[in-house]
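*Asks:* Take these sequences, add in the hints, and give me the full structure.
Chains as they are written, first to last, in our numbering: chain G, 47 to 424; chain W, 47 to 424.
It is possible that part of the hints are untrue.
Heads up, the list lumps identical chains together, so a pair's fine if it works in one copy or across two of them.
As a list, the in silico EDC-like pairs of lysine to aspartate or glutamate whose alpha-carbon atoms are at most 20 Å apart [what the hints assert, rightly or not]: (1) LYS139 / GLU183; (2) LYS290 / GLU366; (3) LYS280 / ASP394; (4) LYS139 / GLU184; (5) LYS143 / ASP305; (6) LYS139 / ASP375; (7) LYS149 / GLU381; (8) LYS280 / GLU201; (9) LYS107 / ASP305; (10) LYS222 / ASP375; (11) LYS290 / GLU275; (12) LYS245 / GLU275.
Just so you know, the hints here were simulated from the structure itself, not pulled from any lab data.
The lines below spell out each chain.
Protein chains: 2
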Amino acid sequence: MRDPARQAAYALRRGKVYDWMSGEGVALLMLEDAEGRRDSTVRWLTGQPGDALLFLSVARKALLVPWDINIAGIYAEADYIRSYGEFDRLPVKACRKAAAFLKIPHGSKLELSPLTPYPRFLTFIEALDNFDVLCREEGGAAAAMESLRAVKDEEEIRLYRRASAITNELTELIEKNLKAGKITTEIEAALFVDTECRKRGCEGTGFETLAAGPSRSFAIHAFPSYTGEGFGGKGFSILDFGVKYAGYITDVTMTVARDLSKPQERMLALTEKAYKLALSKVRPGTPAAEPAAAVDAFFARAGKTMPHALGHGIGLDAHEGPPLRNRGDNHWTLEPGMVITIEPGLYDPKLGGCRLENDVLVTGQGGEVLTASGLIRL
Amino acid sequence: MRDPARQAAYALRRGKVYDWMSGEGVALLMLEDAEGRRDSTVRWLTGQPGDALLFLSVARKALLVPWDINIAGIYAEADYIRSYGEFDRLPVKACRKAAAFLKIPHGSKLELSPLTPYPRFLTFIEALDNFDVLCREEGGAAAAMESLRAVKDEEEIRLYRRASAITNELTELIEKNLKAGKITTEIEAALFVDTECRKRGCEGTGFETLAAGPSRSFAIHAFPSYTGEGFGGKGFSILDFGVKYAGYITDVTMTVARDLSKPQERMLALTEKAYKLALSKVRPGTPAAEPAAAVDAFFARAGKTMPHALGHGIGLDAHEGPPLRNRGDNHWTLEPGMVITIEPGLYDPKLGGCRLENDVLVTGQGGEVLTASGLIRL
Chain G
47 MRDPARQAAY ALRRGKVYDW MSGEGVALLM LEDAEGRRDS TVRWLTGQPG
97 DALLFLSVAR KALLVPWDIN IAGIYAEADY IRSYGEFDRL PVKACRKAAA
147 FLKIPHGSKL ELSPLTPYPR FLTFIEALDN FDVLCREEGG AAAAMESLRA
197 VKDEEEIRLY RRASAITNEL TELIEKNLKA GKITTEIEAA LFVDTECRKR
247 GCEGTGFETL AAGPSRSFAI HAFPSYTGEG FGGKGFSILD FGVKYAGYIT
297 DVTMTVARDL SKPQERMLAL TEKAYKLALS KVRPGTPAAE PAAAVDAFFA
347 RAGKTMPHAL GHGIGLDAHE GPPLRNRGDN HWTLEPGMVI TIEPGLYDPK
397 LGGCRLENDV LVTGQGGEVL TASGLIRL
Chain W
47 MRDPARQAAY ALRRGKVYDW MSGEGVALLM LEDAEGRRDS TVRWLTGQPG
97 DALLFLSVAR KALLVPWDIN IAGIYAEADY IRSYGEFDRL PVKACRKAAA
147 FLKIPHGSKL ELSPLTPYPR FLTFIEALDN FDVLCREEGG AAAAMESLRA
197 VKDEEEIRLY RRASAITNEL TELIEKNLKA GKITTEIEAA LFVDTECRKR
247 GCEGTGFETL AAGPSRSFAI HAFPSYTGEG FGGKGFSILD FGVKYAGYIT
297 DVTMTVARDL SKPQERMLAL TEKAYKLALS KVRPGTPAAE PAAAVDAFFA
347 RAGKTMPHAL GHGIGLDAHE GPPLRNRGDN HWTLEPGMVI TIEPGLYDPK
397 LGGCRLENDV LVTGQGGEVL TASGLIRL
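*Replies:* Written out as structure tokens, the structure is:
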């Protein structure tokens, strides 16, 4: 719903994008949030929660073209909101009409999302032959907005604190219910999350909850994501979930341990040490690859390998910048305001898997752990 | 899990794609199923339920490169299954290596998905400069496979009958629970679907369930999709859901009516007539636009407008060919074996909305309604 603080935040964010457009000489920017090509930057800039085109002009005007004008009326903030019907319900035509409506001079630079498929790009350059049509990853608008989005503003951090508080209520209740024997299957664990987060005003879960009992915890991403199998029995169970509050997604993993064998205890002890090690490396100015490299080296010394990255930025998307990945092409640096996951884990086809994950706000000093999930011993 | 009938079906489907490749002179086809670029054709051809590259050679060999080799070991069928690590974890490099592995001669035609973003396409043509790289919508491999997928084979129809039977058990139970006062909120309705479909062996719901009580049924796609609001109270409530069984998605909408006003009764009566009219038009050989045009004309005569298409094909995706849309560019024809939804609806900001939807198998004679959802009066 319309909230003055949030509306002001959208205007400030658009201001940053306009500044970037001025600097780059881009006269018109088109964003599209559609099935198969989701782009939550539209929501970040206007509050519109889904399915819309967004046009930003270097003259600092925003035109939103939503599929559902009623939803936009409730949620969205833009200089102009026009129904998709007015723009012929075809993105290419809409773009041409929007350029005219926003008085973009012929010959100007017009930038499309780098998600634009190649055959579609061809139809754009044909229909917009009066413009210099750009579609780029490196140095483009999407990369610039990815960097901007990675550093959360005050309003976003406020929402993250609320989303984290709800997440923490849930992990506490799940622990209680596990100990009371009220959650004994994967379905029960996953649907408990779904029900309880919606009761607390969330839009839903942040992503498909993964609940994997001892028979399935060996997989990083169990398929199907939850079933009627037991949860919390002998060995490792993993519950990886998040909530979505006003669009912002949390992401935590609880490991539930019961009657572990010695090799399982060792896996867990290593994962706990890796988690602490990673947290100690979260500091502003640190390359985002560094905590990941430290954990990879730590596991390697123990003769183990983690088959996934250490973590990632979160926000309106479950995965955004910065990646906490130990790879040469990771050029991100941790900055105050970034919200990231730290999620070391170890997996074994026979022993099962364990993972510990929380969400961390990078501050001026180090990392503030926002969520409070962890190991539960039954 | 591996099922001989299903494995045979995958091989038959790949055979049809190889035949098309031969006819078109395409030596190598690359498909990618990844976050942000889902392509369930990979599953249709191999059984792999997610996250993989698939390479098909005109020499009739399939190379699957899954992210999770363990999941592929359980589900997938291909001539070669190699882990993504072996192919450097980068799609462009994987494509170059796959071309060498499958002995594709230099200069051959190599086709990419039309979902390939433009900047990514540029990196492919640079890295694959020994090949003639294609990426097209019209006349391309994806369009050919979309047509093939629209007509379900015997194995798929067998799975659809099972998915429909589960869906029908659910609608019956929902009706009972509504009448017994056991479902009174949107959350209860939506989570009942999720729990009960998984208990019956489904992978989950087919898409995010929409449960909109009287205060929210005016929207075609309520946002958020379900909340703590009441469901089944005075006026119209809508429950739009589907199950996903072995990948195949059903899609039905129940309208729940209580103490309707005269204008609401009229909306409902029109929607019921439109539903029957649409069904009577489902016949093999009929243009897919025709039932939609008939319904649009019927509503127009009553002074009403339906703000969405009449229906769409379903399968491994919630929306696939043929579209039942009244538009000049709809060139699809109904054929035996197609599975489509019929879902007329009317919406009013004050009166709320009603929609009736079932899934229909096009047969040699007409349409066989597979699901049994409908109006529930409380």
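*Asks:* Hint by hint, which ones does this structure get wrong, listed from lowest number up?
*Replies:* Going through the list in order, the structure violates hints 5, 7, 8, 9, 10 and respects the others.
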